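J.: Following the hints, complete the assembly by docking chain P onto the known chain G.
Protein chains: 2
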Amino acid sequence: MTPHRPALHGNSAPTASGPRSIAKPYLVFLGDAAGAAEAKTGIGVHEWAGADCLAEWRTGTIVTLGLPAMRPGEARAAGARSLLIGVSPVGGALPDGWIPHLLDALEAGLDIVSGLHQRLSDHPVIGAAARRLGRVLHDVRHADRAFTVATGRKRAGKRVLTVGTDCALGKKYTALAVTRALRGRGIDADFRATGQTGIMIAGEGVAIDAVVADFIAGAAESLSPAAPPGHWDVIEGQGALFHPAYAGVTLGLLHGSQPDALILCHDPRRRTTNWYPDYPVPGVEEAMAAYLPLARRTNPRARFVGISLNTGGMAEADAVQAAQALAPLGLPVCDPLRFGLEAVVDRLLA
Amino acid sequence: MTPHRPALHGNSAPTASGPRSIAKPYLVFLGDAAGAAEAKTGIGVHEWAGADCLAEWRTGTIVTLGLPAMRPGEARAAGARSLLIGVSPVGGALPDGWIPHLLDALEAGLDIVSGLHQRLSDHPVIGAAARRLGRVLHDVRHADRAFTVATGRKRAGKRVLTVGTDCALGKKYTALAVTRALRGRGIDADFRATGQTGIMIAGEGVAIDAVVADFIAGAAESLSPAAPPGHWDVIEGQGALFHPAYAGVTLGLLHGSQPDALILCHDPRRRTTNWYPDYPVPGVEEAMAAYLPLARRTNPRARFVGISLNTGGMAEADAVQAAQALAPLGLPVCDPLRFGLEAVVDRLLA
Chain G
10 MTPHRPALHG NSAPTASGPR SIAKPYLVFL GDAAGAAEAK TGIGVHEWAG ADCLAEWRTG
70 TIVTLGLPAM RPGEARAAGA RSLLIGVSPV GGALPDGWIP HLLDALEAGL DIVSGLHQRL
130 SDHPVIGAAA RRLGRVLHDV RHADRAFTVA TGRKRAGKRV LTVGTDCALG KKYTALAVTR
190 ALRGRGIDAD FRATGQTGIM IAGEGVAIDA VVADFIAGAA ESLSPAAPPG HWDVIEGQGA
250 LFHPAYAGVT LGLLHGSQPD ALILCHDPRR RTTNWYPDYP VPGVEEAMAA YLPLARRTNP
310 RARFVGISLN TGGMAEADAV QAAQALAPLG LPVCDPLRFG LEAVVDRLLA
Chain P
10 MTPHRPALHG NSAPTASGPR SIAKPYLVFL GDAAGAAEAK TGIGVHEWAG ADCLAEWRTG
70 TIVTLGLPAM RPGEARAAGA RSLLIGVSPV GGALPDGWIP HLLDALEAGL DIVSGLHQRL
130 SDHPVIGAAA RRLGRVLHDV RHADRAFTVA TGRKRAGKRV LTVGTDCALG KKYTALAVTR
190 ALRGRGIDAD FRATGQTGIM IAGEGVAIDA VVADFIAGAA ESLSPAAPPG HWDVIEGQGA
250 LFHPAYAGVT LGLLHGSQPD ALILCHDPRR RTTNWYPDYP VPGVEEAMAA YLPLARRTNP
310 RARFVGISLN TGGMAEADAV QAAQALAPLG LPVCDPLRFG LEAVVDRLLA
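These protein sequence lines map, in sequence, to chains G and P.
Whatever position you read off the first sequence (first residue = 1), add 9 for the numbering used here.
Whatever position you read off the second sequence (first residue = 1), add 9 for the numbering used here.
With the rest of the complex left out, here is chain G (with noise of 0.2 Å):
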């Protein structure tokens, strides 16, 4: 393992010397997606940072975000800072026909916010023409920086985590919607992003599943530095316990999150995880059994606060009823989306 001195390991050479800081406001660039799957991250973004979200670029004429089009020329004049890739390509790499419009942006003077696996920075032709030009890339799929081994040490604030039965159920949501309920009610929260679309939400975070193994609790540790007392950190979980392929990613972030409350979330039709049909999705009462004796790892104060079910599609009798089937658990169930998140808050208050 990384030998327990503050080395600065974990990535090759880090292009930033500090935490990622993303210019708003934003184009949001939309192409010619053919449906909101594609859009998803410019509809999510949209969603929670729509003060954020200056104007739209659509090449196509399916997706729209209801925003002024505008090409990045106008957008820069009405005062856009960086241009969001808010579509994903089909098949996952970055189609040639977007070279144009990407160096388009470059040169109008904006930054470019991408999460594609591929990063920009090392793209020929628009790496090379944002250096020349002075312009910043954020590959948010991409950790950007170094990251020192964990501490262990408790840090002052409060935390509170998201974490789930699996992936693609509602983590991000839920944190956000906490964070937005905690502000509602005059408290000082911010929401700490570890996925590319948070990152893009918050304009800052750390993509948790792209930093090496060695390094993961570290970059938690590092994503919710110590705040004041009354401060409360609202971290974006990633992957499940459970899950066969992502479970690294989910301990070592909480342990490195050290938070003081979590939130199980869960989608009470799925039976499977996505992708891995051989493999059930736990019940929400095993989920938070294996969670919590690793979470009093690192914060023994650690208590779950709140069930956040994703009953997205279901009918309204059928999603009261789920909520319902949970209560001997004894903690509040919502649904942030349908029945928002109140009682989840008050708890995480108590």
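Derived from the structure by calculation, the hints contain no laboratory data.
Take these hints with a grain of salt, some might be off.
Chain G stretches covered by chain P per the calculated footprint, using a threshold of three residues with CB under 8 Å from any CB of chain P [stated by the list, open to error]:
#, region
1, 153-166
2, 223-234
3, 253-259
Some residues of chain G that are not near chain P, with every Cβ distance over 10 Å (derived) [stated by the list, open to error]:
#, residue
4, P34
5, A45
6, A64
7, R80
8, G82
9, E83
10, I217
11, D218
12, H264
13, D327
14, A328
15, Q330
16, L346
17, L358
These numbers come from a predicted model, not from an experiment.
Quick reminder that beta carbons are idealized off the backbone N, C-alpha and C, glycines included.
T.: Coordinates of chain P only, in the frame set by chain G:
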């Protein structure tokens, strides 16, 4: 998380298209090491892969492995294929004074095997010389290829994984001893290295702590691929489930290894985690209770087959007592160095 398609991500440009294969035998570089601690790597490789250590090259007078003393040209002529850096430089960085020695080795026709944190392949002088001469630089502390996301699918063959209550208490040693014992019984067994010294011993392996988070379990799956039903992979564990910095590595390796058998490694004298004095070492029973359900996620047949104690330095009577204290757990208890581990291997094969 990385989408579930077999895209090759996880590292910047992979340097090899297949698994690492280190050319042996070795000329072991001991530099001017002042003591055994500095030369731990060389000593370990010599102990476990003595037949692969042809000669040693000392520039000092204190540490020797008792091998014939040779310089690179002579070693090459005698059949050596790689220079193995068997010493850790004080402070961790490549000392300038070594550069001429490494160049000598390259010029003489030797590859270089290094466990240093900095990649020799990135060193302006060493990297350039190696490329010019067509030599291979094995930076074993770094992952050398891209990995895919774990599939969670069960692989043919059997696997045993050493797990621990902390780091640095015998997981590697135990795995090597088990491999040796299995082969001694005529069983087809392979040691699967996950750390730098193990990789140097085996000539291949995966530096699991240097893999990007999303791919830890996937790298573990690659490390012990499908094998004939009677074959045993003996996998070197890393980290510990209770370790505030490395537990994520441990869990990803555990899941991807899908071990049929686990051996719990423990130092009966250790009260707190090395380097983390606020973190008590768990008891053996507590540790096994935590590891087993997680192991069973990817292999429902997982079971503990023994406990491997590190009693080095203890009086014989105390060591025996420490082992007897664990007898109620119903598992064979050994110290591979002091007592041998045949009883554990018996249980493994039962």
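J.: Any hints this thing doesn't respect? Which numbers, in order?
T.: 10, 11 and 12
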